[in-house]
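One line per chain: the protein sequences are A and B, in this order.
Everything in the first sequence is counted per my numbering, starting at 1 for the first residue and increasing by one.
Everything in the second sequence is counted per my numbering, starting at 1 for the first residue and increasing by one.
Where hints are given, some of them may not hold.
[What the hints assert, rightly or not] Here are the simulated SDA-like pairs of lysine to any residue, each with C-alpha atoms no more than 25 Å apart in a straight line: (1) Lys47/B to Gly147/A; (2) Lys136/B to Lys218/B; (3) Lys212/B to Asn94/A.
[Unchecked claim] Take a look, some chain B residues computed to stay more than 10 Å from chain A by CB distance: (4) His7; (5) Leu25; (6) Gly45; (7) Lys47; (8) Leu63; (9) Gly84; (10) Thr110; (11) Val119; (12) Ala123; (13) Leu143; (14) Val193; (15) Lys209.
[Claimed, not checked] A short list of chain B residues far from chain A (calculated; beta carbon distances all over 12 Å): (16) Val13; (17) Val52; (18) Arg80; (19) Gly118; (20) Ile120; (21) Ser129; (22) Ile139; (23) Tyr179; (24) Leu208.
Note that these hints are calculated values from the structure, not bench results.
For glycine and all other residues, C-beta sits at the position ideal for the given N, C-alpha and C.
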Amino acid sequence: MTDNIITINNLCKSYKTDSGEVAALSEINLTVRKGEILGIIGSSGAGKSTLVRCVNLLERPTSGQVLFEGTDIASLKRKELLKLRRSIGMIFQNFNLLSQRNVLKNVLFPLEIAGTAKSERVDTASRLLKEVGLSDKLKAYPSQLSGGQKQRVAIARALALNPQVLLCDEATSALDPETTAQILSLIKDFNSKYGLTTVVITHELGVIRRICDRVAVLDRGKITEIGAVKEVFTSPQSDAAKRLLAYEGGAL
Amino acid sequence: MNAAIWHEIGIGVGETLYMSVIATLLSYVIGLPLGIILAATDKHGLKPNVIVNKGLGVIVNILRSIPFLILFVTLIPLTRVLVGTTIGAPATIVALVFAASPFVARLTETSFKEVDSGVIEAALACGASTPKILIKVVIPEALPSLISNAAIAFVTVIGYSAMAGFCGGGGLGAIAINYGYYRGNTDIMIITVVIIVAIVQIFQESGLKIAKLRDRRKKHKNK
Ligand SMILES: Nc1ncnc2c1ncn2[C@@H]1O[C@H](COP(=O)(O)OP(=O)(O)OP(=O)(O)O)[C@@H](O)[C@H]1O
Ligand SMILES: [Mg+2]
């Protein structure tokens, strides 16, 4: 057996557009280890969102494989795929909360979908909302919350079904630095407390530096480099990684 | 202006409301599922399907482009089969449903398409099936827009029903034509017009109010 929870083999994804085929991802090979926080960094349009969306099949790869705990997810039947998605939580840059549901009911949503017993639902949702520090906002609607609070609700919702993996697609990109730090330490807490495997997509080096164990550099649809954060950041090998680090140096 | 006329007008108001309510409800029974299908089969929808989308779209467009009075007259043979008469409220309801269903289909389609695709994506990521997304995400998220569009649909149906007065339809339209126009009674003409305008205003405004109250997207004071 392996302690890789996700294995991606030769993954390619291209889109047909009016101006021909666009390759968003080419020949991606990547593993996510149980319990780690893996960062995927790349500039805008590098293919980061496409890559995470292939992990829960929100996007169908054009070719290649995604194995989740050894199972090829493309081979799953519809019902099994829905089950798989319940063991992969996901949060987004724009939070994507249900605007017509209050905070508590947003977190209840996945529990309703999964058919969790009614008596358990409210308990689970309230416990999670307490963990993310929103016990006093259960009845508030998303429009009444700050960005950071919205992302906390989204995290509670993503964790409601006790997933094995949390995918974060630019989860802090819409937040100010202080709120970013709070959300990142919340993610880190869940990772260390529950061993929650986490994949963090970002274009910010700071995010990687703060919470990731390993980092993969994605550049124009290809992974140019992957390794421990310290190694990649102190001695980058690929041009893409060097460029990312150079820009940060320049900006500071 | 004698009591008998006022009595007629009273019955006319009742008939107009009755025709419009029944016709609007039936138009939603037909139009709402069509709106769901149109939105879902769109190329950015939940179940993209070009053939269904274009095919249904063409039918809806054709029905929508036929002027109401022409539709009313064209439908007469069918109306006779369906309700056994070609005049009065029942006949008008048939034509109203034909005219309003495609309109409702487009209105509801628009409401559904306004739903934030990110929210649908989050629901998909939670492992929700398509029917669950429809019932628990798309419809509730679109509800404020569905309500304000329902007011527009209802008001449009009232407008059509008044037109039907020209060809034997009942309600206020018939009174305006028969007493007002043919008998040259300007008072009755004006009164019926004022009443129709008032009904339209009341329903349009209350539709918007209800939609606004129901919408949680704006900041609102808590208790
Ligand atoms: N549905 C689509 N149709 C066509 N091209 C697409 C589609 N989705 C993504 N792409 C293209 O694929 C490439 C990768 O997009 P992706 O959204 O994965 O980038 P990203 O790294 O997440 O960027 P960002 O940081 O801006 O979110 C881009 O060139 C984009 O234009
Ligand atoms: Mg992206």
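Hint check:
For the suggested pair lysine 47/B and glycine 147/A, the alpha carbons sit about 31 Å apart, so the restraint of at most 25 Å is broken. For a cut-off of 25 Å, the pair hint linking lysine 136/B to lysine 218/B stands: about 20 Å separates their Cα positions. Using a Cα cut-off of 25 Å, the hinted pair lysine 212/B and asparagine 94/A holds, with the two alpha carbons roughly 24 Å apart. Distance check on histidine 7/B: its Cβ is at least 46 Å (rounded) from any Cβ of chain A, clearing the 10 Å threshold; non-interface status holds.
Chain A leaves leucine 25/B outside its interface by the beta-carbon criterion, the shortest separation being 24 Å against a cut-off of 10 Å. With a cut of 10 Å on Cβ distances, glycine 45/B stays outside the contact zone with chain A, its closest approach being about 15 Å. Even its closest Cβ contact with chain A, about 13 Å, leaves lysine 47/B beyond 10 Å, as expected for a residue assigned away from the interface. No Cβ of chain A approaches the Cβ of leucine 63/B within 10 Å, the least distance being about 31 Å, so the stated non-interface status holds.
With a cut of 10 Å on Cβ distances, glycine 84/B stays outside the contact zone with chain A, its closest approach being about 44 Å. Against the 10 Å criterion, threonine 110/B stays outside the reach of chain A, whose nearest CB is about 17 Å from its own CB. With a closest Cβ-Cβ approach of about 5 Å to chain A, valine 119/B is found to fall inside the 10 Å limit, against its non-interface label. With a least beta-carbon separation of about 7 Å from chain A, alanine 123/B fails to lie farther than 10 Å from that chain, contradicting its non-interface assignment.
Interface exclusion of leucine 143/B from chain A breaks down, the closest Cβ pair being 6 Å apart, not more than 10 Å. At roughly 39 Å, the least C-beta separation between valine 193/B and chain A is larger than 10 Å, which holds for a residue marked as non-interface. Distance check for lysine 209/B against chain A: the nearest CB is about 17 Å away, which clears 10 Å, and the non-interface claim stands. For valine 13/B, the requirement that its beta carbon stay farther than 12 Å from each beta carbon of chain A is met, with the minimum near 35 Å.
Non-interface status of valine 52/B relative to chain A is upheld: no Cβ of that chain comes within 12 Å, the nearest being about 20 Å off. The beta carbon of arginine 80/B is kept farther than 12 Å from every beta carbon of chain A, the shortest such distance being approximately 45 Å. A cut-off of 12 Å between C-beta atoms contradicts the statement that glycine 118/B is not in contact with chain A; the least separation is 4 Å. For isoleucine 120/B, the shortest C-beta to C-beta distance to chain A comes to about 9 Å, within the 12 Å cut-off, and the non-interface label is violated.
Distance to chain A contradicts serine 129/B as a non-interface residue, since its nearest Cβ pair spans about 6 Å, not more than 12 Å. The claim that isoleucine 139/B is not at the interface with chain A is violated, since a C-beta of that chain comes within 12 Å of its own (minimum 10 Å). The Cβ of tyrosine 179/B sits about 47 Å from the closest Cβ of chain A, beyond the 12 Å cut-off, so the non-interface label holds. Every CB of chain A lies more than 12 Å from the CB of leucine 208/B, the least distance being 17 Å, so the non-interface label holds.
In this structure, the hints that do not hold are numbers 1, 11, 12, 13, 19, 20, 21, 22, in rising order.
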